[in-house]
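**Q** So the sequences go chain by chain: A and B. In terms of numbering that gives the first Met the number 0, the first sequence opens at residue 0 and continues consecutively. In terms of numbering that gives the first Met the number 0, the second sequence opens at residue 0 and continues consecutively.
Hints may be right or wrong, so weigh each one.
[As the list claims (entries may be wrong)] The calculated lysine-lysine pairs, modelled on DSS-like cross-linking and capped at a C-alpha distance of 30 Å, are:
#, chain 1, residue 1, chain 2, residue 2
1, B, Lys117, B, Lys83
2, A, Lys184, B, Lys2
3, A, Lys139, A, Lys17
4, B, Lys117, A, Lys17
5, A, Lys17, A, Lys157
6, B, Lys2, A, Lys12
No wet-lab data here; the hints were simulated from the structure.
What follows is each chain in one-letter form.
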Amino acid sequence: MLKFRDYIRVESKAEYEKAIASIEGPVLLLAGGSDLLVQARQDDRYEDHTVVDIFGIEELRTIEDTEGHLVIGACVTHEAIAQSLLVNRYAPILAEAALSVGSVQIRNHSSIGGNLANASPAADTLAPLAVLNAEVVILKDGIESVVPLAEIFEGPYKTNLGDRDLIVSVRVPKLSADVRHDYTKVGRRKALSISRMTIATLLQTDENGVVTRFDMTMGATFPCPMTFPDISAMLVGKRPTKEDISEVARALSAKIPEIAGIRASTRYKQPVCRRLSVRILQELIGDEQHA
Amino acid sequence: MRKINLTFTLNGKPYDIEANPGARMIDVIRDDLGLTGTKEGCSVGECGACTVILNGDAVASCMVLAGSMQGADILTIEAMSELKLGNLLQESFVEEDAVQCGFCTPGFIMSAYALLKKNPDATRQEIREGVAGNLCRCTGYIQIVNAIENAAHHMREE
Numbered sequence: 000m001l002k003f004r005d006y007i008r009v010e011s012k013a014e015y016e017k018a019i020a021s022i023e024g025p026v027l028l029l030a031g032g033s034d035l036l037v038q039a040r041q042d043d044r045y046e047d048h049t050v051v052d053i054f055g056i057e058e059l060r061t062i063e064d065t066e067g068h069l070v071i072g073a074c075v076t077h078e079a080i081a082q083s084l085l086v087n088r089y090a091p092i093l094a095e096a097a098l099s100v101g102s103v104q105i106r107n108h109s110s111i112g113g114n115l116a117n118a119s120p121a122a123d124t125l126a127p128l129a130v131l132n133a134e135v136v137i138l139k140d141g142i143e144s145v146v147p148l149a150e151i152f153e154g155p156y157k158t159n160l161g162d163r164d165l166i167v168s169v170r171v172p173k174l175s176a177d178v179r180h181d182y183t184k185v186g187r188r189k190a191l192s193i194s195r196m197t198i199a200t201l202l203q204t205d206e207n208g209v210v211t212r213f214d215m216t217m218g219a220t221f222p223c224p225m226t227f228p229d230i231s232a233m234l235v236g237k238r239p240t241k242e243d244i245s246e247v248a249r250a251l252s253a254k255i256p257e258i259a260g261i262r263a264s265t266r267y268k269q270p271v272c273r274r275l276s277v278r279i280l281q282e283l284i285g286d287e288q289h290a
Numbered sequence: 000m001r002k003i004n005l006t007f008t009l010n011g012k013p014y015d016i017e018a019n020p021g022a023r024m025i026d027v028i029r030d031d032l033g034l035t036g037t038k039e040g041c042s043v044g045e046c047g048a049c050t051v052i053l054n055g056d057a058v059a060s061c062m063v064l065a066g067s068m069q070g071a072d073i074l075t076i077e078a079m080s081e082l083k084l085g086n087l088l089q090e091s092f093v094e095e096d097a098v099q100c101g102f103c104t105p106g107f108i109m110s111a112y113a114l115l116k117k118n119p120d121a122t123r124q125e126i127r128e129g130v131a132g133n134l135c136r137c138t139g140y141i142q143i144v145n146a147i148e149n150a151a152h153h154m155r156e157e
């Protein structure tokens, strides 16, 4: 039996706002539970917390197609994202990442909002959301605001959201069909692994093979999701050669000790990042160009 | 902690119960309802032994709080012998020697049931992916995948 102070299930945003106003003591938002239930088993850390179960709020379970964005409700499950035609059409890298989360049993009862709020550096959706330039809609003190994804993170398992702040949705700019993507996940085993490293890449070229957009970052590597304009600038405007690709791979792997410091895993992660980056970029750019 | 009231349908039967809000779905199913066919293995969502079907979706009942049962339609292994596909799966697991110690079997059958309900034409690869969240330490999986494939085949024939 898990120890909480109380449990309240809310069915709408209005009910949610009413509930948090009347609760005394710390609030724990439940948006599926695949992280929370594991953490709650470890000790009595949530003994004085009131669980507010938001997973059933229908308003938070829709994927909307607006002019420029997909607006993915915070409680949309990883399985729903993986199977969504809209996400597969306009942000396929996110659909792939969502499909790589846990097993179908976990994907069916875990959500993108929960994944963000838990702020595990190894969360599979973070690197794709970073290269997609996603934004997060936050409901705080009755006011909704839109903030860039990276701004809510302070460090591993740490966001700047208060216990009563609600992630309402994730806004993902829609990609045009000619943006190529790659999502690579390195784990200790094939299925159900916690990522050791993920690499998310978006690449767009014009009819002459000149790169018009390039975004590449790693997950499970840095304390928070990161994007690298300096890395993007290395290919944009160019018809990349083999040397350009090697340079990008070197620069990207150099970010690991630069940002995360020298850790026990650095000796492993750097060469893995370098070699995978070369492989990913060769694949995305196509062999004919840098032959 | 005050109790919460839960009304739901489980294996076609309506329930109206009081539950501890700190209980997980598996606690309610096994301890409160006495349905012990659902097994608890790892308790952290990795082994799939506790798999049940919640509103048509396979979930790990150790990773779901009791509150999520409110208003839900739930299936556990106990219903399988009364459902055509469930029955075919059970028979097929026996025929194909897909059961050894048996602890993982209820979870595998629930995952297979959820998968084949959604995708009756699942390929062998899709079956493997559909049960990727279930661990078996006895059979080596081949017999299990064979059994699910056979049950799907029989289901399509009927």
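**Q** Is the Cα-Cα distance between lysine 139 of chain A and lysine 17 of chain A 30 Å or less?
**A** holds, 13 Å
**Q** Lysine 2 of chain B and lysine 12 of chain A were given as a pair; does the straight-line alpha-carbon distance stay at or below 30 Å?
**A** holds, 24 Å
**Q** Would the pair lysine 117 of chain B and lysine 17 of chain A pass a check requiring their Cα atoms to be no farther apart than 30 Å?
**A** Measuring from Cα to Cα gives roughly 38 Å; hence the hint is violated.
**Q** Would the hint linking lysine 117 of chain B and lysine 83 of chain B be met if the CA-CA limit is 30 Å?
**A** Judged against 30 Å, a Cα distance of about 15 Å means the pair holds.
**Q** Under the criterion that the straight-line Cα-Cα distance not exceed 30 Å, is the pair lysine 184 of chain A, lysine 2 of chain B satisfied?
**A** violated, 43 Å
**Q** Can the restraint linking lysine 17 of chain A and lysine 157 of chain A be considered satisfied, given a maximum Cα separation of 30 Å?
**A** Distance ~26 Å between lysine 17 of chain A and lysine 157 of chain A Cα, so the pair holds.
The structure fails to meet hints 2, 4 from the earlier list, while all remaining hints are met.
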